[in-house]
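Student: Sequence:
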Amino acid sequence: MGRKRRRPLAKTKKKPAPGTAVPTTSSQGMGLRIHEWESSVKDRTKYLTPYRRWIEAMALFLILVVGLLVRIEDVRDWNAHPELALYKGEPLLTTFDGYFYLTLAKDLAEGTYTSIDNNRDVPKGVSRRFPPPLISVTAAGLARITPFSLNWIGAVLPALLGLLLALPLYTLGRFYGGPAMGLTAALMGLLSHYYVYRSSLGWFDTDCMNVTWATGAAYCFLRFGVEAGRKRYLYFISGIAIFLLFLWWWDSTPQVATVVSMLPLVVALVFFYRPGRREACIFLGAGGLGIGVILLWMGLDLPLKIFRSIAGTFHYISTKEVAGIWPPIGATISEEAVPSLNEIVAKTTDSLPAFIVAGAGLAWLFYRRPKESLFISVPLILAALSFLFAKRFMIFLAPVTALGIGYAISEIWYWRRRFFVLSLLAPILVIFLVWPALSKDMTKTFWPKEPPHLIAGMDMASKETPEDAVIWAWWDHGYPLNYWAGRGTVGDGTLHGGHRSFYNGLPFATHDERLAANFMRFYVNSGMDGIGNVYKAVGNDPVRGVNLIKNVLSVGPEKARGLLAAAELAPVGNLQNVDQWLRFFYPEKTRPVYLFLDWRLTITSYWWYWLGTWDVEKREGIHPLYKAFYDIHEKNGHIKGNEGLDIDIKKGKLRTGNRIIGLTHLVKCDGQRVLTKSYQRDHGLRFEIFAPSRFGALMDEYISGSVFNKLFLRHTFNPKYFRPVATNTPSYQLLEVVGDMDGAP
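Following the working numbering, the numbering of the sequence shown begins with 363 at its first residue and continues without gaps.
Hints in this document: simulated from the structure, not taken from any laboratory.
Where hints are given, some of them may not hold.
To be verified - Taking lysine-lysine pairs in the BS3-like style, the calculated list, with each CA pair at most 25 Å apart, reads:
1) Lys733 with Lys753
2) Lys450 with Lys951
3) Lys811 with Lys753
4) Lys806 with Lys825
5) Lys1082 with Lys912
6) Lys1082 with Lys951
7) Lys921 with Lys951
8) Lys921 with Lys1002
9) Lys1012 with Lys1002
10) Lys1039 with Lys1012
11) Lys912 with Lys898
12) Lys921 with Lys825
13) Lys989 with Lys951
14) Lys1002 with Lys912
15) Lys997 with Lys980
16) Lys951 with Lys486
17) Lys980 with Lys1002
18) Lys1015 with Lys1030
19) Lys1082 with Lys825
20) Lys1015 with Lys1039
21) Lys997 with Lys1039
With the hints as extra help, turn the sequences into a complete structure.
Tutor: What follows is the structure, given as structure tokens:
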């Protein structure tokens, strides 16, 4: 056996002696210390290996704690400013639609749940689903078994349910990239700002679980596809159970829930499911039988119905320009707006580097594991819609960005075995990517959409109006009025298409009080079906139909008879002659009608006035200018107010901020009379003041003459059509609508 040859020592050049003292720790010594520290860390890591599962569980628990903290920390600000968030010591919701589900929960808890809701879409009513939505059933059950009120349950429950997204993100991440990816994805998903917004304190809506159901179904069907043996069918059953719960939860769009849940199953069947022949025959045969039963039960055209429903939903969210004769309602709703890239980044990771890392990680995941990645294609597609159509889809960016960042971190963590420094870099990078989102979540406060001073008006309406009364308000108040006032409404978060919203806004926008009052009574008696009958009577011509409705209801019953006779209306149902048509337009008795005007109308006038003034023939409406000011007072020939308002009464010049505006009129209402001062200007804006409330508004001539402004700001009530019940300007007004109630002579 030969001897090993020793390698000769490398020759080194002689170096001159340093001019300064040599450090006591040489580079070799420093490297030795680093190596010793690295070995020590590795030894301790090996010691912790048996407790790995417990460490993961503890880390996941801490992530859930952080997720809960960012969702409920707003309660500090709410308690500090109860005038913005609490009514009678109880929290309000941060979404209008939440009151729909809270009303159902209230009826369930009180045992008054009925199959028809006669307080929605008056006079027709709305059929209620059976079983009721899962979110309402859950809230009602908690109200029965706990001492908490529905208002507290409705506020806190979304924050608790929103945490559940961590579970499918953790399991998906663990499958794709191990514990590092699972934990990182769970943390990033719970901190995605837009998802926090829609699963936080007060957001009592389905958003807090929609993403969880979608990602949960994706995980179960992924495991169904990749597992072998009987275990795969446990995942299949779990996926179907999640799908059924998703259907029960997202009751408003079951077709979308079906597609979102079933696409991962299709991926599993097409790319992964390869059992033996006997097993495949049993499974596919049972599945085919189940599909057949469903088609026989729900109709053979079920796939077509699903397609039409999804197409209709897509048309609703994608239409922002005028495409038909009616205004596109999607253009008026903030969550239907198309966000910019900057807004998307700000409302997800709040960090461009984090967003880039998410995109890179996601691309790398699809490159490394293309087939398995198809299971998350559904949330990816839905997230992509936020770039093209509406910001409401940004909640699906939560799982997408979380998984992308998680995979990038897991890859870095994997290479720590070769480059130990990555053991430090990975957690530091997580902190760097997480911190912007965490900081924003902790500093941003989400306030209720309906402030307490408006809720007070709705609560008052429940005491000052008959139980069968209908309260005419802008449609975003529909659900809150159903809950707080318990009264009928004509529009809400579901019933607000462009056609319907035109009629909803007509009484506010018109200058004719008689038309406004008569129209509201006519609509409460006949609804959209009645308007459809008018269209049929004039040859299905909406332009002629709208003009006929306005003309007939603006002249009173006597003159209306002549207009109806001249119109030569075609018979429709039981409307066969002029007398019957006259009673149709001027019903002798309807449910009591009340008009609710409020502060929110002053900040949304740009849209409701546009809708209410819609010209069906020209296909356009009027966008007004209406800017409210508060704390109005007169001093030394000037009118002062908030936001630096300063009006020179003599010259008619208004200053606010850096703007100087020449006024055409200055109108002052003292509760008894209206005083108008005119200036020598042909064009410009006008400023109107209601002195008793120290409230004023800068406006154009269009909205100045509207019924809304006459009633809400000027307080010029014509008792023949409107009788004040409560006037609390600038918060709210409640007026009884009278109209021409004589009927046909």
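Student: Going straight from one Cα to the other, do Lys989 and Lys951 come out at no more than 25 Å?
Tutor: Violated, at about 38 Å.
Student: CA of Lys806 to CA of Lys825, is that 25 Å or under?
Tutor: Roughly 36 Å separates the two Cα atoms, so the pair is violated.
Student: So if I understand the rule, the pair passes when the alpha-carbon distance is 25 Å or less; does Lys997 with Lys1039 pass?
Tutor: Judged against 25 Å, a Cα distance of about 17 Å means the pair holds.
Student: Is it true that the CA of Lys921 sits at most 25 Å from the CA of Lys951?
Tutor: Holds. Lys921 to Lys951 sits at ~20 Å (cutoff 25 Å).
Student: For a C-alpha distance cap of 25 Å, please report whether Lys912 and Lys898 respect it.
Tutor: holds (16 Å)
Student: Are the Cα atoms of Lys1082 and Lys912 separated by 25 Å or less?
Tutor: holds (19 Å)
Student: Holds or violated: Lys980 with Lys1002, Cα cutoff 25 Å?
Tutor: violated (41 Å)
Student: If you draw a straight line from the CA of Lys951 to the CA of Lys486, is it 25 Å or shorter?
Tutor: holds (16 Å)
Student: Quickly compare the C-alpha distance for Lys733 and Lys753 to 25 Å and report which way the hint goes.
Tutor: violated (29 Å)
Student: Quickly compare the C-alpha distance for Lys1015 and Lys1039 to 25 Å and report which way the hint goes.
Tutor: holds (13 Å)
Student: Does Lys811 pair with Lys753 here, judged by a C-alpha cut-off of 25 Å?
Tutor: holds (18 Å)
Student: Between Lys1015 and Lys1030, is the straight-line Cα distance small enough, at 25 Å or below?
Tutor: holds (16 Å)
Violated hints for the displayed structure, listed by number in ascending order: 1, 2, 4, 8, 12, 13, 14, 15, 17.
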